[in-house]
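Residue numbers (the numbering used here), protein chains in the order written: chain U, 1 to 394; chain H, 1 to 96.
Hints were generated in silico from the structure; no laboratory data involved.
These numbers come from a predicted model, not from an experiment.
Take every hint as true, because none was put in to throw you off.
Take a look, some chain U residues computed to stay more than 12 angstroms from chain H by CB distance:
| id | residue |
| --- | --- |
| 1 | L176 |
| 2 | Y184 |
| 3 | P269 |
Covered stretches of chain U, as calculated for chain H (at least 3 residues, CB under 8 angstroms):
| id | stretch |
| --- | --- |
| 4 | 207–221 |
| 5 | 384–392 |
All C-beta atoms in this analysis are idealised placements derived from N, C-alpha and C, irrespective of residue type, glycine included.
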Amino acid sequence: MIASVVIPAFDLRAALRHRPRLQGLPAALAPLPGKEPLVGSVTGAAEAKGVRPGMRLGEALAMCPELELVEQDPATVEQAWEEILRRLEDAGFAVEPAEPGLVYFDSKGVERLYGGLEPALKRALAAVGTVWDPRAGAAERRFAALAAANVARPGQALIVSDDRARSFIAPLPLQLLPLERRRYEELEELGVKTIGQLAGLPGSAVAERLGPDGRRAWGLARGEEQGKVAPRRPATSIHETLEFPEAVGNELTLRRGLAVLLEKLLSRPERAGRPPRKVALWARLVGGASWRRTVTLREPTADPARLRAALAPKLAELPAPALKLRLEVVELAEHTGEQLELIAAEGEMLQGRLREGLRQVKAAVGAGGVSTVVEVAPWSRIPEARALLVPRDD
Amino acid sequence: MVTHPGSARTARAARRLNAQRLNTPRPALVESHADGTPRQVNRQTVGTVREEWRVVDRWWTDEPVHRRYFDLVLETGENTVVYHDDDAGTWFTQRA
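Start from the sequences, fold in the hints, and give me the full structure.
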């Protein structure tokens, strides 16, 4: 079975970790500068006053004048999420993180470990921690597992068997489906308010009105999806931090700080000579906000000059003076060095280089970024029946 | 009911490999003449109809295929292939 663990409004909960006073008050995540003025996740107190995620800022403030706006804190969100994933992995769950606050895993292996599905889900909830109010769901399909986790109460694990999955998701609201906000509104105007009502419509009509996303949502509503869980490779944890005695906005000083961080990071023994493939630069800004940029190198390198050239331009994007600067290795290459070639590579060596190139592309674009075309019925007169796009995760 | 070996195989393989079909049809906004030939595709006027053909397949299954394909050149110079799904009564675009 596929299990999912959901932490509602994870981005807001993470941002409020350092401001617990606000957790019981009406608060919402502020919109990002330069983006549409829509509020993000909201606290229970704000929801009780009528503020909804995705609402216009003006409307939200008119509805709840005492609403506290919380600045987005992507670095804390990422850090808190990574801590949760590691706790799950330490408990034996091979997790596939979908987004901060939502993770999937296959229960097949861990059921034996913990003596059944329900104890395994309870263990996963305990690994996440009660402070996050996690909920768990399990079903034969990903979407049904997600729906079950969304319906469960904090700390509860809900298991939906395959024969009643369709009747279980039918009365649930459309908002569980991955659709744009305006699509929900469009469907609600047409009188379609539940997943079951959408599933009852003809597929071609949904595709014509809502496009490919609508067709996919319709497929999910009818239980047609067959996604497997693709667990992540546990991340490497190598990072170095530099704390400034006072806030630094001068780019020259920041560049010097970066050079020191690079030197310390490259001398870490955990690296075992392997060059970084993907690195991240993180800063804690004046006022408590954070900033993070990830860079995938063109080719893995441990040359400080090349790493500086790739990372230094990012420092110019800092929106405010920094109090702390941190450099992290997100992914390391698997080889320790590369011999320049005298004769053209072939056989095993060529295969090895191809695999390394694919890993580099995956680091840059994420899982599912590399696929192979597999012909299954090349003779078919129906074009979409001829070939499949198969993700390569090896 | 007997199913088309190709389609059943493709669907089974897609499920097993966690894969997606290549070249799936996408809905298109098409206005047509009285004889059924396209006049506008996604609000672009059709310049020439280069070719037209029919695909009738899987008529012995629960999901028969009745499509009328058109290979078109739009007035913008773009080549495109659209088809009319005779069962659903809707238009799609696809690389044939």
